[in-house]
Amino acid sequence: MKSFRKELWFESAKRRQLFNITPEIEYCISESKISEGLVLVNAMHITASVFINDDESGLHYDLENWLEKLAPEHPHSQYKHNGFEDNADAHLKRTIMGREVVVAITKGRLDLGPWEQVFYGEFDGKRKKRVLVKIIGE
Amino acid sequence: MKSFRKELWFESAKRRQLFNITPEIEYCISESKISEGLVLVNAMHITASVFINDDESGLHYDLENWLEKLAPEHPHSQYKHNGFEDNADAHLKRTIMGREVVVAITKGRLDLGPWEQVFYGEFDGKRKKRVLVKIIGE
Amino acid sequence: MKSFRKELWFESAKRRQLFNITPEIEYCISESKISEGLVLVNAMHITASVFINDDESGLHYDLENWLEKLAPEHPHSQYKHNGFEDNADAHLKRTIMGREVVVAITKGRLDLGPWEQVFYGEFDGKRKKRVLVKIIGE
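Chains as they are written, first to last, in my numbering: chain A, 229 to 366; chain B, 229 to 366; chain C, 229 to 366.
No lab work stands behind these hints: they were computed from the structure.
Each hint should be verified, as a subset may be incorrect.
Stated by the list, open to error - Derived lysine-lysine pairs resembling BS3-like cross-links, with alpha carbons at most 27 angstroms apart:
1) K261(B) / K234(C)
2) K242(B) / K308(C)
3) K234(A) / K261(C)
4) K230(C) / K230(B)
Source: prediction; values computed, not measured.
From just these sequences and the hints, can you work out the full model?
What follows is the structure, given as structure tokens:
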């Protein structure tokens, strides 16, 4: 069994932002020389997500809107977590979007469906944050 | 390390429908000859889910109702994604239900708790769609 | 490839309760003698979760509050599942919080970000329930 580990770094310009990281994950797989296995991709921070969905701007607009309805940022005072912090909503938004994805690796490639793309979802940005890529296989 | 890959195909009669796919996953494990490892089961489409819950019709009714409250289908015009499409709600519903499950394989069987059953959740059906089963182990 | 399996047992005093199980998972990894791989940690029951977030009491209060808004317990009669049972809300809460986490193992340790902690989330407690830890790697 072989394994591979890499951290990807992000610094978003906005508080909330989505990054399509599919090419970076593909590149990790080619670096790993693993052709059959699993890749785990997870946010290393608890106010960010890694998830799979469509790379379509209308949908991304809908996601932002919808997450604000289910877990609104304002008023900050509605959350107990927001004593010294103001990011309680980001913890909740990431809970809905998920921390991680596990994707199959087949013949040295990400084994994705036709529209599946891997995203880093930042919900409390404007600072450096990390994604972990861990691959095991052969 | 051994690996195994199979696609399962579904075509739901209704827009939204749940399928208990536990027997199909068990069958994949026996085909794989892998007795200790992990199985990844994921929707290959971004308007469908694979999740684990109870096979109880009352609960399935509650899930349908609840998802319609959190991410209503109508009016289609409330979503930017619904220009040429009408399935934005299905992207959101699948986000809540999750894309994938990872299940342990122990002694050649799915290592599930007493009521755990694996489901394919279709939220934009009436066409052929796929689930990926990837197994690694020994 | 090596594998390791262990069940962790919990009996919460309250219907809903969060347990930080990070030390128990670390201990499983040291028992497994696996230094590079993946650990799957999942609830074996469908009214409980395993998830990763911050060990901060304000946030835990916010999570309880927020889950009660998205999937209220009362009135029990609002759910079809609640014929002989009263725990439909626990199935929904666990759906939002997730069944499982997969975490990288690197150099014999959980490969977590600075604030990531692993929790068992009980939503229908006061009885004995289990978490499965399955590790594969080398």
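Hints versus structure:
no.: 1; hint: K261(B) / K234(C); result: holds (22 angstroms)
no.: 2; hint: K242(B) / K308(C); result: holds (21 angstroms)
no.: 3; hint: K234(A) / K261(C); result: holds (22 angstroms)
no.: 4; hint: K230(C) / K230(B); result: holds (12 angstroms)
When the structure is compared with the earlier hints, no violation turns up for any of them.
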